[in-house]
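Model the placement of chain C with the ligands on the given structure of chain L, informed by the hints.
Chains as they are written, first to last, in my numbering: chain L, 2 to 295; chain C, 1138 to 1382.
No lab work stands behind these hints: they were computed from the structure. For every residue, glycine included, the Cβ atom is placed at its ideal position computed from N, Cα and C. Keep in mind that the hints are not guaranteed to be accurate.
[Said to hold, decoys possible] When the alpha-carbon atoms are kept at most 30 Å apart in a straight line, the in silico DSSO-like pairs for lysine-lysine are as follows:
(1) L:K256 with C:K1377
(2) C:K1187 with C:K1282
(3) C:K1187 with L:K160
(4) C:K1330 with C:K1169
(5) C:K1282 with L:K190
(6) L:K259 with C:K1155
[What the hints assert, rightly or not] If the Cβ cut is set under 8 Å, some of the chain C residues that face chain L in the computed set are:
(7) I1148
(8) M1163
(9) Q1266
(10) K1271
(11) P1275
(12) A1345
(13) T1349
(14) I1381
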Amino acid sequence: MSKLLLIAFSPAEAEAASGFAQSFGMPFDLLCLTGSAPAVGAEKATEANLEAIPPADGLGTALAAQSTEYSHVAAMSSMKAKDVLPRMAALLDAAMVSDVIATPAKNQYQRPYAAGAAIATVEVTSDKTVMTIRPAGFPQGEPNPNGSTEATSLDITSKAEVTQAAQASGGRPDLTQAKVVVSGGRPLKDAATFEELIGGLADHLGGAAGATRAAVDSGIASNELQVGQTGKIVAPDLYIAAGISGSTQHMAGIKDSKVIVAINTDGDAPIFESADFGLVMDLFDAIPELKSKL
Amino acid sequence: MKILVPIKRVIHPYAKVKPLADGTGMDTANIKFDINPFDEIAMEEAVRLKEADPSITITAVGIGGAECDEQLRKALAMGADDAIRIDLSDEIDSSVVAAELAALAQELSPDLILMGKQSTDSDRGQAAQMLAVKLDWPQASFISKIAVDGGMVNVTRETDEGEEQLQAPLPCVVTADLRLNEPRYIALPGIIKARSKPLAVRPRMTDAQSKTRITHLAPPPERPPGRMVGSIDELVAALKERGIA
Ligand SMILES: Cc1cc2nc3c(=O)[nH]c(=O)nc-3n(C[C@H](O)[C@H](O)[C@H](O)COP(=O)(O)OP(=O)(O)OC[C@H]3O[C@@H](n4cnc5c(N)ncnc54)[C@H](O)[C@@H]3O)c2cc1C
Ligand SMILES: Nc1ncnc2c1ncn2[C@@H]1O[C@H](COP(=O)(O)O)[C@@H](O)[C@H]1O
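So here's chain L without its partners, still in its complex pose (with noise of 0.2 Å):
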């Protein structure tokens, strides 16, 4: 029987997957691992109340053994899903498609390819199919009750341990599901720099910020904050790009954004190719005006 598992980190993460979800077209139950199940309109919803994420291979395999029952299970495509999805898959013996944008047809995906330099359609020979999804390739999530709501406790032992949890900066909104995003680069000079212009925007705006790689590096902005092909992806009603050239790595994370507006000094910078809105000035002036003006 064709039925999809949705498995949710977060209710969070179960509201921005619902899209998909209710219009993947078969009946579907939600298991959400943390928190109470939002109303989503899942057939059976299933809250595991864990405290925190345990390590793939216990998970992986508590997760597996949740799953037997279904055709189709599918997880947003966020750091933990990439790290115990594939482990799911390789135990149900079930194909694997990664980033999933859209589903034009039964057993078809359609998904990212080389930095988004292509579109790829995949074809699913297999009867089970476990896939992660970018939630801003389908409609927006209707609220709708679920037909029932039970508890469940998942039974996982790990051999990998983790002997210090990451301590989320809080704050800003979640990058991935921000309405509003101010990204800097390079020229942002360094940590303070960029927290006081490229955060203080963000804020202003109620948004999240981000960085290129190169900020990254460079110790301007945190790790968590990279945005791109192997960072994180974005799909704000605004994404501001302050001092970023725009390499293909980087637009492989915005271009699911409504507005980009570009800001470089550069006339020829390649990100005014895909902005809506470019204008040619020096960050340490737009962005200060832009605060006050907006």
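Structure of chain C with the ligands alone, referenced to chain L:
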């Protein structure tokens, strides 16, 4: 200690590639190829571990046709002791990569498999995790620091929230993130020396079949052309017109 480092040949990350007009593949005429950047980082880290502990041996392994020898030679020039190419020219998905690497690992019994977190052409990010399952090993993915000590590997790994510390017993599969290191420049003597290092070619060991297949590659949708504005005032007005701000 023995380290296995898988090496994939990919389109150079800075090459401008487009899909062929008929959608059957990417147009790679006159396009440069290189080691997958994440695999190069993994190899660099293996070499650094070996420099600190000369008893370590490093085997580079590639799956592909004869053209992949170029990237395996580069891995040898970086410092791998030997290289193996599993001769398989078909398009394969990560599940087949994992199956072949697992079969080889069962034969060679490495303590550590250090690999890239994703291929930059297919961007799948699956082979390492699938391989770890097939070997029933733990994994440490997206690492930016590694220390190996007394049968344990301690890593700093990148997560959605920031850095986490993770410890896992060997044998283990580890995947490299960009920040792990910056690969060395290979000087000419290294390249010459690499020519005499062993590179074995062998047939595939499993009958694993791909479960996914790319049927079409299309150009990405183009964004409607944007426009240049001359001042912040004009920008703010334009955003208001779009219903933003
Ligand atoms: C395998 C691989 C993966 C990668 N993944 C990613 C990724 O996920 N994300 C990512 O971002 N990069 C990634 N990169 C790196 C990418 O190729 C670029 O090197 C990087 O995005 C460049 O960052 P940048 O735009 O900040 O720096 P630069 O390219 O140096 O651009 C800086 C820009 O700032 C402009 N500028 C300078 N001063 C000012 C000023 N005062 N005011 C306004 N503008 C100014 C300059 O004109 C220039 O255009 C990856 C690379 C590889 C090889
Ligand atoms: N053909 C191949 N030969 C050797 N290693 C590979 C090959 N394909 C994938 N890998 C390894 O698996 C990692 C993840 O690949 P992927 O799942 O394709 O993103 C890569 O970084 C390589 O280390």
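Hint consistency between K259 of chain L and K1155 of chain C [alpha-carbon to alpha-carbon, up to 30 Å]: holds (24 Å)
Would you check whether A1345 of chain C satisfies its interface hint, that is, whether its CB is within less than 8 Å of any CB in chain L? Because about 10 Å separates A1345 of chain C from the closest Cβ in chain L, which is outside the 8 Å limit, the hint is violated.
Double-check K1271 of chain C for me: the hint is only fine if its C-beta lies closer than 8 Å to a C-beta in chain L. It holds, given that the least Cβ distance between K1271 of chain C and chain L is near 6 Å, below 8 Å.
Holds or violated: is there a CB of chain L closer than 8 Å to the CB of P1275 of chain C? holds (4 Å)
Given hint K190 of chain L paired with K1282 of chain C - CA-CA distance at most 30 Å: With a Cα-Cα distance of about 25 Å, the restraint between K1282 of chain C and K190 of chain L holds, given a limit of 30 Å.
Let me know if the C-beta of M1163 of chain C comes in closer than 8 Å to any C-beta of chain L, holds or violated. holds (7 Å)
Hint consistency between K1330 of chain C and K1169 of chain C [alpha-carbon to alpha-carbon, up to 30 Å]: holds (23 Å)
For the restraint on I1381 of chain C, tell me whether the closest CB of chain L is nearer than 8 Å. holds (5 Å)
Is the Cα-Cα distance between K256 of chain L and K1377 of chain C 30 Å or less? Holds, at about 21 Å.
Under 8 Å is the threshold here; is the Cβ of I1148 of chain C close enough to any Cβ of chain L for the hint to stand? holds (6 Å)
Agreement of hint T1349 of chain C with chain L interface, Cβ distance less than 8 Å: Constraint on T1349 of chain C satisfied, holds at 5 Å.
Measuring from the C-beta of Q1266 of chain C to each C-beta in chain L, is the shortest one below 8 Å? Result: holds, 4 Å to nearest chain L Cβ.
Comparing the model with each earlier hint shows a violation of hint 12 alone; every other hint is respected.
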